[in-house]
Each structure stands twice: as structure tokens, then as C-alpha cells.
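Taking the hints into account, I'd like the entire structure generated from these sequences.
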Amino acid sequence: MFDDFFIRALFAGIGIAFVTGPLGCFVVWRRLSYFGDTLAHSALLGVTMAYTLDLNIAISVFLISSVIALILIQLQKKTNLPGDALLGLLAHSSLAVGLVVIGFLAFIRFDIMGLLFGDILAVTTDDLIIIWTGGAVILLVLKLIWKPLFASTVNYELAEAEGLNPDRAKAIFTILMAAVIAISIKMVGLLLITGMLIIPAAMARNISDSPQKMVIFSIVGGLLSVVLGLYSSLEFNTSSGPSIIAASLVLFILSLFKIKQSIKLKN
Amino acid sequence: MSTENSTLVKLNNAGFKQNDKWLVEGVSLTVEKGKIVTLIGPNGSGKSTTAKIALGIYKNIEGSVEKYTNKVGYVPQKISIDWTLPLRVYDFMLLTENIKDEAIDEALTLTGVIHLKNKNLGNLSGGEFQRVLIARAISKQPELLVLDEPVQGVDYTGEIALYELIKRISDTLNCGILLISHDLHTVMTATDHVVCLNGHVCCSGSPMDVAKNNEYKSLFGEQASQILSVYEHKHDHVHSDEGEIKKN
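Those protein sequences? They're chains W and X, same order as listed. Numbering follows the working numbering, in which position 14 of the first sequence is assigned residue number 14; successive positions increment by one, without gaps. Start counting at 1 in the second sequence, then tack on 267, and there's your number in the working numbering.
If you are wondering where the hints come from, they were derived from the structure by calculation, not from laboratory data. Here the structure is a predicted model, which is why all the values come from computation and not from measurement. Note that the Cβ used here is the ideal one computed from N, Cα and C, for glycine as well. Incorrect hints may appear among the rest.
[As the list claims (entries may be wrong)] A few chain W residues facing chain X, derived, Cβ under 7 Å: (1) 80; (2) 82; (3) 84; (4) 157; (5) 160; (6) 161; (7) 210.
[To be verified] Computed cross-link-like contacts, DSSO-like style, restricted to lysine-lysine with a CA-CA straight-line distance of at most 30 Å: (8) W:147 to X:334; (9) X:384 to W:147; (10) W:78 to X:345; (11) W:77 to X:334; (12) X:277 to W:170; (13) W:143 to X:407; (14) X:338 to X:367; (15) X:284 to X:367; (16) X:345 to W:77; (17) W:170 to X:300; (18) X:334 to W:143; (19) X:386 to X:277; (20) W:147 to X:277; (21) X:338 to W:170.
[What the hints assert, rightly or not] Label pairs and their calculated CB-CB ranges: (22) W:249 to X:333: 51 to 59 Å; (23) X:438 to W:256: 50 to 58 Å; (24) X:326 to W:175: 16 to 24 Å.
As C-alpha cells, this is what we get:
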């Protein structure tokens, strides 16, 4: 019925949606969307490193993104620049350096479009294994740090005062962000990964009244976006990343009607 | 008298400096089980800073803090909650610890906000939110309660009831309370030990001792020491909700 690559892509996308759902909620709650962008842009460096040193792409993206996150934390401590300026500095310079390095690697044929916007044809069985095992580990760790991370998202001082160690939770969460970008880069592409994190979560916010509900709706939204996006990608021969993100945008727009209704009810 | 193991938190000559400016320095105090220690002082005198030092929120402090418990309930003075979070009162009660539903209901009932349990936190009034904050702190059955202006924004009758509740909690749970309050009335009635701050410890001791202290008088004015006499007259009876007088 389907070509094998499509089933692979579908399963990869489903695995990714399970992870980006809950993580995306934290990205929205903690206002980390630009931080997600920065890590994603730095992923290009990770990809070039993978090609030059013949490493697995996910692993090398994970390493580079983690290093960029560490550099960011150091810069925040040592400079007086505002956070968004530092993020912009790291995001664009790592993207630029990545593209320059690609220029030097003329002997390898690069699919830049696939890298930036995702390519469903590129998903291999190995990628599936990485996505599902990596995703399971990410979700497990997130569950373990949920309490301190969520409490400190609501109020840092309460979490600190009542002994939850929010700083450790934040550091671990940063690593999880790098990991989720690493496993989803092939599918969604590095320019659009943050969309996969934010848009389903934003959609979920419009229709939820508790954090648990928002996480669940965010996962469901991500799953629907993947399925709808991949089918239309196949149908219209478009890149997988933009198709998935466009599908999630449609869901977000639909969720706005729910808000309108509840505002009407209040008045 | 105090034994070592009834001590919950002890500040030894503690202070905190931010941007080369001392917020507070040289504070020594001890909170013990079943005792209420109250911090008073003018605005900017370092009351909240002292509370945060005791809680371990500030890391690079002068002096030292010895904290002997991890069961802490904290009602901060200012709390900025980001309303991008969908959060009901019920979710907020579970924020730092998984508490049984009965304990949540009991605490919300005690502070008079059980009817708000499923309301969104962002839709509460200031006074309602304050009651939820207190409920959250006590529902954990903490050993140490740190209350920073806990009744701000609460109506007058509610204020009295909440202070009575705080006193009762310290008796029933046998927990130690570090209380920050502007209300000298309550300070003088419900407290075991008063620390008067003004960037440093001005004076400390029993409410009586502090009220007679000259530094206290100069900080709060003559009127403040008269409060004590008002309080002493009040002491032999309480008013019920209907206003009738009940002898103690």
C-alpha cells in the first residue's frame, strides 16, 4: 500500500511527537522558544561534524547543541548582554559557521534543503531506533525531574525554599532540549524544529485548564500534525518539515475558535 | 529550655550583599519547634532577605545558616506567577509535594477557600490568592513555616482569623514559624520571640522586652509601644463572629 519509506517516516514522526509534546509545553511556559531556535541552528554545525568525522548525526548534533548550551550559560554569567542578544549571537554565528564549513566540504554532496526543512526520504531504520529509544529516555528523565522543573517554572523561590533543587532540574532540561533536537532534525529540519515544539503546545494552551491536560493535548496535536503533514507531503511532493508545521498551524487556528467561545461565555 | 534537636533553623551572624550593598547583615536567630519568631522592621530593613537566607534561597551569604529540616512551607511576600501556565488552585496545592486529597481539602477549608479548588489561579483576587498560598504551605504539614506578610490583601476579619489559624497550627503541628508582619498588634499577641530589624538586628527578645526598647520606639514611634498596653487590655477576652465577648 505505502512505500516502506513512508511507514518509516510515519513512525519516526509519531515518536517525535510524543517527545515534543511535553517538552514543548515547558518551552512555552518557560519562554524558551528563542533558546530552542538557537540550539536548532547550532545543529547545522553538529551535522557537518557528523559528516567530517563520520559520526552518527543525532549523536553529533546532541553533542554540539549541549556545548552551545554550556557556552550560553557561561556567556550569561560573564557578560552584561541581555539574554536574547546572546541567543541571537549564538544562533546566527553557529548557523553561519556551519554553512561555511559545508562550503569547505565540497567533496560531499549535501542536501541543504533537506537539512533545513526535513526530508522524509532520509529516515532510515537506524534513525527509527534512535528516535524511539532516545525519545523513551527523554520522556523518562522528564518524568523524573517533572516536580522540581514544574514547580520552579511556576515559582523559582518556592521550589528552592521547599528543597526541590530547581537549578539541577533546569540543567537537565537543557540537555533534554539538545536531545530532542538531535532526534528530530532529519524529520523536521533545523529551521522548523522549534515550531514542532511550540505550535502544538500553543494550540493545547488554548483548550486546556490544567497543566496535565495541556501536555496531553500537545501530544495529540503533535501526532495529528505529523500524520496530516506527512500525508500531504506525500500527496503534494513537499518537504516533510514545512508540511508538518503547516498542519500544526491549521490545528492552532482551529483551537482559536474554542477561545472565542469561552470568552463569549464569560461575558 | 531549648535543646539542640528542637532547633529547626539557626542563623549565625548571617548577612547578604547584592551589588556591593548590604541588604541585611549580622543577623542571628533561632527558630525552634512550636515557637513563633517574628521579624519586624521598616520597609527595606531586610526582613524578606532574612527569611530567604533562612530558607537557603540565597547562596553566597556571609555568616552561616544551619537548617535541620527539609519539610518547609513558604509563603513568599511577592509571588510572580506566569499566567501562560494553565493552573488551577488544585494543581498549585500539589506544586512541591504530592499531598493527599483530604489534606488539600482540609487546608483549603481552614483558610476558607475550599470553594475555589477548581478555579484558575489567575482569576483569584489578591486576598483569595493569599489564602491559597497559606493553605498550600500548611497542607504539607511542614516542620518549618516561613510566612512573609501572609495576610496582605486579606480583609480585616479574615486577617484575625488567619493569625489565629497560624497560632493554632504552630501548636497542633508543633512546627516552628518564622513570621514577617507589619501588624504590630498580632506580632505582640501571638509571638514568642521578636526580632526588630533595620539592616541589622536593632533589638530582639520577648514582645514585652522589644516594646520597651528605645530603638524600637524610635523606629516605630511612641504609638507603637502604646499598642502593647492596648493589647494587654484586650487579652482577657476575645470577640466571637457575632461580636459578643467571650472570657478566656
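(message) Checking each numbered hint in turn, tell me which of them this model violates, lowest number first.
(response) Going through the list in order, the structure violates hints 1, 2, 3, 15, 17, 19 and respects the others.
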